[in-house]
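S.K.: For reference, the chains in residue letters:
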Amino acid sequence: MIDLFRSELLRFRHWALAYALLHLGMLGFFARVVDPLQQPDVVYLVVAAVYALSGLLLALYQMGTYRRPNTWLNLLHRPLPHWQVAVALLVAAASLLLLAIVAPLLLMLAGQATWTARVVDSRHWLLPLAAFLVTSCSYLAGVFAMLAPRRYAAAGLFGLLLLTASHAVGASALLVQLALVLWLLALVATAFQPDLTRPPVRWPGLMAVALTVQMAVYVLLASAGLGYQLLWMLQGSHPLNSTPPAGGYIEASRADGADLMAAGLVSSRVAEAPVWREQVRLAEVFTWQRQFDALPIRNELGNIAPMEFDDDARRLRWIFSHDTMRFTGMSLGDSQPAGRMGIGPAQAPFPKPPLPIGGKFLASADTVYGYDTQHRMVLPRIILPAGETLALAPSAMGEVVLVMSNRALYGYDARAFTDGDSVLAPRLRIALPAPIGDIDRVDMIELIDGYLVSFVTGLGSTDGPGSPLQAMVHVSGEGKATRVGQRALQPDFPLALRHYPWWVSPVMHDLRKLAINALAAPMPLKAQAPQPIPTSMKWLAAALLMASLLASAYWSRRQGLPRARRVAWALACAGIGVPALLAQGLIHPDSEG
Amino acid sequence: MTDYVIETRALTKRYGKKLALNHLDLQIPRGRIHAIVGANGAGKSTLFRILLGFLAPTSGQSTILGCDSQSLTPALRSRIGFVNEEHTLPGWMTVAAVVAMQRRHYRQWNEDVHRDVLGNYHVLPEQKVSQLSRGERAGLNLSLALAQGPELLILDEPTLGLDVVAKRAFLESLLNSNAAESCSIIYCSHQMEEIERVADNLIILEQGSLVNMSPPDEFCERVHYWIADMPFKGPDKSLVPGLLQVQRIEGLFHYVVIDQGEDFADFLRSHGARSVQGMPVSLDRAVNGFLAKNHIGPEGHEPRP
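Protein chains in written order, with the working numbering: chain A, 87 to 679; chain B, 52 to 356.
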């Protein structure tokens with residue numbers, strides 16, 4: 087085994103070394119221009135994609151050359167168990183990836199920590215591990231793509247989608263990546279066999295492959311809904327690229343603020359409604375949408391946005407450290423360290439990482455802070471009630487500054503917010519009419535004796551489930567909020583299309599959600615009201631399950647499957663439906679006999 | 052211990068609608084050199100891939116060295132050598148490194164055999180495999196396979212693409228090696244002069260079925276070549292007994308027939324032959340005629356003179 091390992095290292099040593107040097111050069115250049123550790127998530131995503139592509143190309147080339155019939159025979163026909171040959175090749179590849187991907191990253195981090203005043207936290211030292219896991223995932227998916235029977239070889243590549251779709255952050259994200267590596271290793275183990283055309287013989291291997299292929303088929307089927315929409319757009323009558331239907335959700339989400347508020351008052355039975363309808367035409371309408379999907383979480387691997395801000399007056403850059411939970415100062419003139427900064431005069435650590443939101447303000451999950459240049463100090467200005475999370479940064483509207491949490495809209499005195507340095511108490515609180523994940527837009531005007539607010543809910547219901555509506559709320563001068571109108575907004579898409587990802591396979595729909603949310607921390611800003619499935623959609627799903635079961639029984643005979651497998655596939659089709667049926671066809675070709 | 056190194060029973064392999072192996076019953080006894088010949092698509096490579104466990108049969112059974120070929124253990128694989136026509140060796144390694152790796156993998160490695168065989172080639176240990184000529188690579192591959200001390204050595208068209216000198220060197224390396232004498236060798240080739248020189252037993256596969264297994268000499272004795280001077284059209288082909296091939300060259304009919312005695316001359320004379328001459332054929336002619344019998348071609352099996 088060690089000989090094959092050495093042989094493989096020898097084979098790719100020049101390529102790996104050249105890659106490592108180029109990689110180090112790129113990182114070095116990048117580090118000279120910007121701080122690589124304070125980039126937004128999208129930058130990390132692009133870099134991770136490059137690493138993933140590198141791993142994939144290594145696998146495609148390495149196994150592509152081995153899978154040729156005579157080469158494969160020469161590789162495996164030797165007095166070694168196949169698993170030892172596999173381990174030799176995979177460990178060699180892992181070693182090459184460590185050299186080409188991980189070593190340059192570690193050198194870059196060491197350089198940052200040694201020679202700069204930039205912040206290098208514990209979480210940053212985990213980035214090379216994340217890069218290695220991501221690259222390993224794509225490498226293993228590539229190995230499976232090369233060695234598994236052609237009919238379903240690409241299924242492993244769909245597993246890589248989990249890397250971008252997963253909501254896990256920090257160490258949990260590493261665990262998800264590790265789990266995916268282990269899963270792909272199991273798949274490779276099923277494919278690394280002398281006969282490359284044969285599906286797994288043993289039950290555990292078959293079940294792992296079957297689940298993977300079913301999920302890949304499901305993702306493809308779900309994507310077919312988007313394909314249908316593209317054709318609809320080409321045809322020219324798609325609601326999103328033509329005049330949207332009147333009274334619908336798309337029309338409301340695009341409407342001018344005054345028109346929208348006027349429409350929301352049409353059915354209002356409140357006596358003042360006609361007057362308000364006139365006032366919305368005359369007043370300035372302020373419109374907001376949810377600003378944050380999430381706020382920084384301690385020890386996350388990436389950054390929602392750069393965790394730093396500049397104090398131009400003092401020529402300082404403040405970079406937040408997750409380790410100390412304080413800001414670390416760096417002189418913009420000579421890049422030398424310039425102290426630390428916590429909360430208040432005591433320089434207390436921040437309870438949660440704060441995100442710079444412009445205008446010398448910082449926002450953590452439940453607190454808005456203000457930065458005092460003169461005293462080089464950060465002070466809390468707005469503290470949300472316990473359990474609430476910031477969804478909208480402070481936004482000025484006349485004499486008030488509005489802040490939206492996941493539960494309510496708050497108004498604060500604008501002058502006190504701008505000029506003061508104390509924690510503010512809200513002047514008004516308007517409870518949200520729906521979970522924050524459903525709120526599409528908020529429109530508001532100032533009345534002589536209060537405020538009129540419009541909430542449009544149904545975010546994501548354009549081509550998904552949801553019950554969009556517009557709610558009108560009047561806030562009195564004393565801050566009392568009263569619902570003064572409501573209208574249901576019509577869905578713009580056909581019912582079957584909006585629920586398509588569910589009825590095509592309810593089990594896989596839920597399994598996908600489960601995988602995406604595995605090990606994820608609670609996400610209060612994505613909370614949505616549960617959407618009941620219409621009865622007609624349930625019948626449609628049941629009919630598909632039944633049809634899949636019957637088709638599976640017929641297909642099993644043609645495939646000449648043993649009885650136990652026939653029963654297993656029948657059960658899978660009865661529970662999972664079309665993805666299981668198609669997976670059965672892909673994994674088991676028709677009988678040769 | 053079974054008497055057969057390879058044994059198949061009703062072995063069938065189907066690729067879609069095409070039968071690569073058609074209920075093949077084959078029993079190859081231990082010892083000697085067994086040549087397997089057949090036209091392209093006769094099922095030779097498919098047979099080897101099934102025997103080595105790299106392809107599952109559609110139906111039937113196959114054993115190699117007495118074990119089910121679909122469940123070969125590493126220990127059993129060490130007893131089976133295999134040399135393919137591409138001589139796929141890691142091109143990035145030096146000869147010395149490849150040899151060292153094989154030496155560690157095979158417990159029964161015989162350094163003398165390796166040195167003897169490779170001594171027929173001008174190969175330096177520090178040379179990379181990719182720098183070797185095709186003939187040198189074939190020699191290295193053969194030396195590695197023989198030095199493993201296999202009980203069964205399968206050579207799948209090992210001289211394909213080699214020039215005359217390299218072919219001769221390869222065959223002499225094989226025949227002169229002591230290791231070759233102690234193992235059963237399956238030699239697959241299209242080169243009849245090689246078969247004639249090395250084979251003790253001739254196995255002919257046609258369309259996935261066994262159509263002959265006998266010593267090459269015996270097979271040659273079954274096939275005869277007749278030249279007849281017939282002024283007219285000659286007998287209808289369907290009437291010619293044991294016909295393998297017929298050609299008309301400069302007014303003379305040339306027949307290749309199988310399992311026909313001297314009375315074939317009488318048959319020709321009864322159909323108007325003025326003179327008849329019979330003669331034995333070479334193995335090349337005999338096998339080609341035999342394989343051409345069912346070969347599909349634009350002119351059937353009666354090419355223009």
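Misleading hints may appear alongside valid ones.
[Said to hold, decoys possible] Cut-off 16 Å, straight-line C-alpha distance, at most; resulting in silico cross-link-like pairs (EDC-like, lysine to aspartate or glutamate):
id, chain 1, residue 1, chain 2, residue 2
1, A, K566, A, D535
2, B, K69, A, D452
3, A, K624, A, D596
4, B, K68, A, D535
5, B, K218, B, E247
6, A, K438, A, D452
The hints are simulated quantities; they were obtained by calculation from the structure and are not laboratory data.
Model, not experiment: these values are computed from the prediction.
S.K.: None of the hints should be skipped; say for each whether it holds.
M.R.: Comparing the hints with the structure gives:
1. Restraint check for K566 of chain A and D535 of chain A: satisfied, since their Cα atoms lie roughly 11 Å apart, inside the 16 Å limit.
2. Of the pairs offered as hints, the one joining K69 of chain B and D452 of chain A is violated, with about 71 Å between alpha carbons and a cut-off of 16 Å exceeded.
3. Among the hinted pairs, K624 of chain A with D596 of chain A is consistent with the structure: their alpha-carbon atoms are about 14 Å apart, no more than 16 Å.
4. Taken as a hint, the K68 of chain B and D535 of chain A pair is broken in the structure, with Cα atoms around 85 Å apart against an allowance of 16 Å.
5. Distance restraint check for K218 of chain B and E247 of chain B: the Cα-Cα separation of roughly 14 Å lies within the 16 Å cut-off, and the hinted pair is therefore satisfied.
6. Restraint check for K438 of chain A and D452 of chain A: the C-alpha separation of about 8 Å stays at or below 16 Å, so the hint holds.
The structure fails to meet hints 2, 4 from the earlier list, while all remaining hints are met.
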